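**Q** The numbering of the sequence shown is my numbering, which starts it at 1 and goes up by one.
Don't take each hint at face value.
[Stated by the list, open to error] Heads up, simulated DSS-like pairs for lysine-lysine below, C-alpha to C-alpha not over 30 Å straight-line: (1) 123 to 210; (2) 75 to 262; (3) 262 to 84; (4) 210 to 194; (5) 75 to 250; (6) 108 to 123; (7) 41 to 250; (8) 123 to 146; (9) 108 to 262; (10) 210 to 146; (11) 123 to 189; (12) 189 to 108; (13) 41 to 262; (14) 123 to 84; (15) 201 to 84; (16) 194 to 84; (17) 146 to 189; (18) 84 to 146; (19) 108 to 46; (20) 146 to 77; (21) 203 to 75; (22) 75 to 201; (23) 146 to 203; (24) 84 to 210; (25) 262 to 210; (26) 146 to 201; (27) 194 to 75; (28) 77 to 203; (29) 108 to 250.
[Claimed, not checked] Label-pair restraints from in silico Cβ distances: (30) 68 to 192: 28 to 38 Å; (31) 230 to 207: 24 to 34 Å; (32) 79 to 240: 17 to 27 Å; (33) 230 to 27: 24 to 34 Å; (34) 81 to 39: 28 to 38 Å.
If you're looking for bench data, these hints aren't it; they were derived computationally from the structure. These figures come from a predicted structure and were not determined experimentally. Virtual Cβ for every residue (Gly too), placed ideally from N, Cα, C.
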Amino acid sequence: MIVKNLRKISVFIVFAFLVTIQSYCAITPLDSILRDMQRYKTSNTKFHAGHVFEHSIWVSRSCINLCYMLNSEWKTKFDDEAIKNIIFAAIFHDIGKCGDQVYEFYEKCEHPKIGFEYIVSQKEYIMSDGERFDFNALFNSLGLSKDNIALIAIIVGMHHELGNIMRGINALDFNCFNVAIELLDHFIKISGYKGGVICHKSKDYRRLIKYICFVAAADVISAQVVPFNEAHSVIDTITGLNLRNFANSKCESLSDGFNAYKFFAYETTGIRARMGWLSLCA
1 MIVKNLRKIS VFIVFAFLVT IQSYCAITPL DSILRDMQRY KTSNTKFHAG HVFEHSIWVS
61 RSCINLCYML NSEWKTKFDD EAIKNIIFAA IFHDIGKCGD QVYEFYEKCE HPKIGFEYIV
121 SQKEYIMSDG ERFDFNALFN SLGLSKDNIA LIAIIVGMHH ELGNIMRGIN ALDFNCFNVA
181 IELLDHFIKI SGYKGGVICH KSKDYRRLIK YICFVAAADV ISAQVVPFNE AHSVIDTITG
241 LNLRNFANSK CESLSDGFNA YKFFAYETTG IRARMGWLSL CA
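Given the sequences, and given the hints that come with them, work out the whole structure.
**A** Structure follows, in structure tokens:
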């Protein structure tokens, strides 16, 4: 009897151990999509120090850095919800370069639009195993509301448009901003953000512009390595993943990256672009 009971106890312990291990090792939807992103390599070896995954992690870190930059116009105090949305927008800003199983890519000019369509489930993202990735399941697992998902999609869709404006602006060219406003209105309508229509003079609209410009600035900084520091711990907290040990050096065979932020004087041109866009919405 004692032997039988011991056997039952042993079986139960082993079963419980296996269940615990399985639970501990379970791959989350976020972990799954980030692993797939690691397969996509840049062909622009002179501009980028990292591939899509590394660059995306650096953009999220640059967002945190910009929040705390001393004597900088970019320094911003975001609430916890805003930080969470911005971090996920940063991580997924180049997701449109992935999901097509073309792993060695050249410039994909429509990647912001494709990324937007992935997030709002208008386009299928195909994983390396041929399965369709479910972005709805991803964002539900992260506890994001419908409006927060739409906000992230809009930033992803707009970041490149604003990056180009910020790079080329020497004087306030209002035509380029009018084009950007039309595109932003289109993304708001398609995503259903705040009901799909926002007054240009509203706080919600101006907040969107600030978020987009912020991520666009972080994007150009992050062609170079952005190593982990303790301020970036919030990214691990938000994602539930241990990302601090990733992307702390340039990728093999790539350059040190092009310092576009300094070369194009984004510290001044970026702020000027943001002010120009906001002035049209005053």
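**Q** For a C-alpha distance cap of 30 Å, please report whether residue 41 and residue 262 respect it.
**A** 25 Å, holds
**Q** For a C-alpha distance cap of 30 Å, please report whether residue 123 and residue 189 respect it.
**A** Satisfied, since the Cα-Cα distance of roughly 17 Å is no more than 30 Å.
**Q** Would you check the hint for residue 77 and residue 203, treating anything up to 30 Å between C-alpha atoms as holding?
**A** The hint holds at about 16 Å.
**Q** Could you check the hint for me, namely that residue 79 and residue 240 are 17 to 27 Å apart, CB to CB?
**A** Holds, since residue 79 and residue 240 (Cβ atoms, about 20 Å apart) stay within the stated range.
**Q** Given the hint of 28 to 38 Å, check if residue 68 and residue 192 actually sit that far apart at their C-beta atoms.
**A** The hinted range 28 to 38 Å holds for residue 68 and residue 192, with Cβ atoms some 33 Å apart.
**Q** Given the proposed pairing of residue 108 with residue 46, does the C-alpha separation stay at or below 30 Å?
**A** 17 Å, holds
**Q** Taken at face value, is the distance from the CA of residue 189 to the CA of residue 146 at most 30 Å?
**A** 14 Å, holds
**Q** Does residue 123 sit within 30 Å of residue 108, going by the straight-line distance between their CA atoms?
**A** 16 Å, holds
**Q** Tell me if the straight-line CA distance from residue 123 to residue 210 falls inside 30 Å.
**A** Holds - the C-alpha atoms of residue 210 and residue 123 are around 27 Å apart, at most 30 Å.
**Q** Checking one constraint from the list: CA of residue 108 to CA of residue 262, max 30 Å. Satisfied?
**A** 24 Å, holds
**Q** Within a Cα-Cα threshold of 30 Å, do residue 146 and residue 77 meet the stated pairing?
**A** 24 Å, holds
**Q** Is the gap between the beta carbons of residue 230 and residue 27 within 24 to 34 Å?
**A** 27 Å, holds
Every hint, counting from the list given before, is met by this structure.
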